[in-house]
Amino acid sequence: MAMILEIVHPGGARTWHRLGDVPVTMGRGFGNDLILDDPYVDARHARIALDESGAPVIEDLGSVNGLIADHARLSGRVALRPGTEIRIGRTMLRFRDSEDPVSPAIVDAVTAPAPPAPVVQPAAQLRRRARVRATIARSARTTWARLLTVAATVLAIALYSWLSNSERSGASEALDAALRFSALLAVWAGVWAVASRVSVQRFHFVAHMAVAAVVALGGLAWTMTAEWLSFFFPDASLSDALSVGIGLFMLAALVAGHLSLATGFSRARQWRTGFVVAGVALLIGGLVAITEEDAFTDVPTFSGVVKPVGSDWLPTATVEEFGSVMETLKEQVDEMAKQ
Amino acid sequence: MSSARPLLLAALLVWTGDAFAQARSVATSDVFSRFADRVVKIQVVETGSAAKATIGSGFFVSERGHLVTNYHVISKLIHDPDRYRAELIDVGGTVEPVEVLGVDVVHDLAVLGSEVQPRAHFSLGAASVVQGNRLYSLGHPEDLGLSIVEGTYNGLLPHTRHPRIHLTGSLNPGMSGGPTISEDGRVIGINVATAGNQLSFLVPVDRAEALLGRVLTPGDQPPARTLEEVGRQLRDHQDAYLRDMFAGKTKMVDLGPYRLITEPAPFFRCWADATRGQELPYEKIRHHCSTDDYLFIAGDQSTGVVDVEHEMISTKRLNPSQFFSLYTSVFADDNTPSGREEHVTSWRCGTRNVRNASLPMRAVLCLRRYRKLGELYDGVLKVAVLGRDDSGVVSTLTMSGVTFENVDRLARRYLERISWR
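Protein sequence lines correspond, in order, to chains A and B. Numbers 1 to 339, taken from this note's numbering, label the letters of the first sequence in order. Numbers 340 to 760, taken from this note's numbering, label the letters of the second sequence in order.
Take the hints with a grain of salt, since some may be wrong.
[Said to hold, decoys possible] Partial pick of chain B residues on the chain A-facing surface, computed with a CB cut under 8 Å:
no., residue
1, D673
2, R701
3, D728
Don't read these hints as lab results, they were simulated from the structure. Glycine included, every Cβ here is placed at the ideal spot set by N, Cα and C.
Could you put together the complete structure from these sequences and hints?
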């Protein structure tokens with residue numbers, strides 16, 4: 001029985017190596033038996049050898065990040081058995097038995113002659129094959145879906161710009177808005193793609209664009225909803241509170257979405273990080289708003305939104321009720337004048 | 340021969356013009372030499388730094404050293420008596436302290452007292468003057484020394500509640516509070532303001548005479564000297580001005596499908612102007628009513644009490660969404676009066692969708708309060724009529740330096756009055 005070493009590289013690519021002649025050294029340096037392209041791995045990181053009883057062990061060669069199993073750093077020699085999983089840097093080492101079964105080859109409908117129908121296919125094998133096929137199809141579909149999302153968002157931005165433009169050059173303004181948004185999106189996704197390339201060896205450019213586009217689409221939808229809310233209920237602070245909540249969520253989603261592509265963080269950690277970043281941003285924004293509220297200004301702020309609705313069902317106040325709004329304002333400015 | 344005639348005429352004109360100019364300058368220098376010693380520079384000085392805060396002019400009106408000037412020249416003293424003092428500087432350069440004996444904020448006048456016993460003074464009293472009469476304004480423009488400026492009497496302004504004389508002549512900052520007199524030395528008015536290009540304004544002398552009378556024999560109506568009393572004058576003034584505005588028969592104007600208030604009082608002037616053009620997919624008509632009345636309130640804050648503005652926009656080319664985006668931006672435009680923190684609070688605004696007897700509208704009221712003048716407020720009511728998707732009107736009622744009762748009263752009447760044509 002020989003031991004097989006499965007290496008899961010950062011970014012998800014896998015390679016397999018038969019551990020024949022030992023010792024085998026691993027690291028980023030070119031003098032190793034196994035060269036690992038992982039910035040978190042030392043030049044000479046670890047070595048697989050046989051102990052006195054002839055059993056395979058792995059040992060740390062004094063690396064910076066060490067050998068990790070179950071989130072804990074290992075020390076000394078670690079015995080290797082089929083099933084052992086050890087992480088070095090962002091690279092996963094999985095040890096397997098050479099007798100482990102693998103799934104049969106997928107039939108290539110284009111080039112292969114029709115294979116003889118298997119007499120019996122175990123249900124598990126069928127399921128696995130279906131899964132693999134689905135994965136390939138999904139990956140293609142995903143890319144298309146992402147591109148479509150980006151396109152839909154750009155279109156929505158153009159439409160919004162056109163609908164809110166009252167100059168003659170409405171169409172060109174809409175085009176301008178779409179181009180500007182696309183450029184911004186590309187730059188933003190580009191920055192994240194470079195970050196991904198550094199940390200997980202993959203660009204994921206389209207995926208990063210899709211993440212940002214989805215969040216932008218959400219933001220646009222909320223902006224329009226908020227306008228209508230503030231038109232129908234100008235006195236309610238509900239939409240303000242909602243805006244804060246939704247803003248927090250969308251910013252967190254943006255960060256989490258990008259992190260899911262650019263790091264190996266667990267989903268919980270992606271969202272945690274997202275909410276921390278969004279929370280800090282909102283806190284800073286809130287502090288600025290509070291100091292501005294206290295500062296003197298001779299420019300009034302009010303909800304000036306008007307919408308094409310004047311029918312009977314529009315909730316309205318009477319002139320008499322508007323009088324009580326004025327009373328409230330009087331109390332507020334009287335209070336301010338006392339300070 | 341025919342080409343010589345215009346030349347001759349031109350030469351004649353130059354010659355006669357020259358002769359007039361000479362005769363006039365004799366009169367002017369004569370007026371200056373006879374009356375200059377009755378005019379002084381008034382300056383308000385910050386006690387701590389001894390720096391000049393404002394300068395203006397004033398003139399003696401009694402042998403006991405009473406002077407007349409503008410309220411706005413010495414207003415800092417009223418607002419902050421502990422921080423400022425006022426003094427006069429006469430023709431000879433002698434500095435003497437002065438005190439405020441009474442002010443009339445509505446007419447922008449003040450009577451000051453001093454220990455000086457002037458050699459000569461102006462007597463205030465009725466003076467007959469007709470349009471076209473030559474007058475002489477004395478004062479200290481831009482602190483450049485006592486100057487005399489010629490001007491022409493052009494009657495009272497037609498569009499004010501309180502009388503103002505229209506003088507064609509160049510009054511400049513620093514001449515405020517100085518006298519404008521006839522050739523024989525009768526005071527016609529007190530220099531108060533300019534609109535540039537020789538358009539200058541005077542307070543008629545009878546207002547100063549009345550204030551001086553109240554200072555000399557107070558009786559049961561002693562003149563105001565403190566900020567509190569100034570506030571009361573402003574409140575009384577705006578109350579008389581506004582109490583019945585928009586109440587009874589009110590002039591209305593039709594703009595497109597809308598019927599709106601216009602010319603709130605006979606002394607208002609209304610203007611209208613339209614913006615339309617090939618390059619714009621909409622048209623805008625602006626209707627604006629204001630008065631030439633203005634009140635100096637404090638610092639650089641002077642105000643007409645009420646101002647009415649309508650902006651109607653209509654379109655045949657924009658879809659409802661585009662039109663309402665435009666409507667929103669017109670509605671959200673800030674056209675409120677400016678202000679400084681030492682005088683007023685920040686604005687607080689309330690928005691509601693309001694329906695009166697005939698139509699629905701979006702209404703915003705913004706309010707701020709004066710910090711030192713008692714119960715006085717600035718209120719701006721903005722209304723956008725709803726119900727049509729190809730036209731709309733944004734109507735703004737600006738009230739400045741008024742009591743809350745009047746803000747409330749006028750805003751309600753204004754909201755009730757807007758209707759379909």
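Okay, the hints, checked on the actual structure:
1. For D673(B), the interface hint holds, since its Cβ comes within 8 Å of a Cβ in chain A; the closest pair sits about 6 Å apart.
2. Using the Cβ-Cβ criterion of 8 Å, the hint placing R701(B) at the interface with chain A is satisfied: the shortest such distance is roughly 5 Å.
3. Using the Cβ-Cβ criterion of 8 Å, the hint placing D728(B) at the interface with chain A is satisfied: the shortest such distance is roughly 4 Å.
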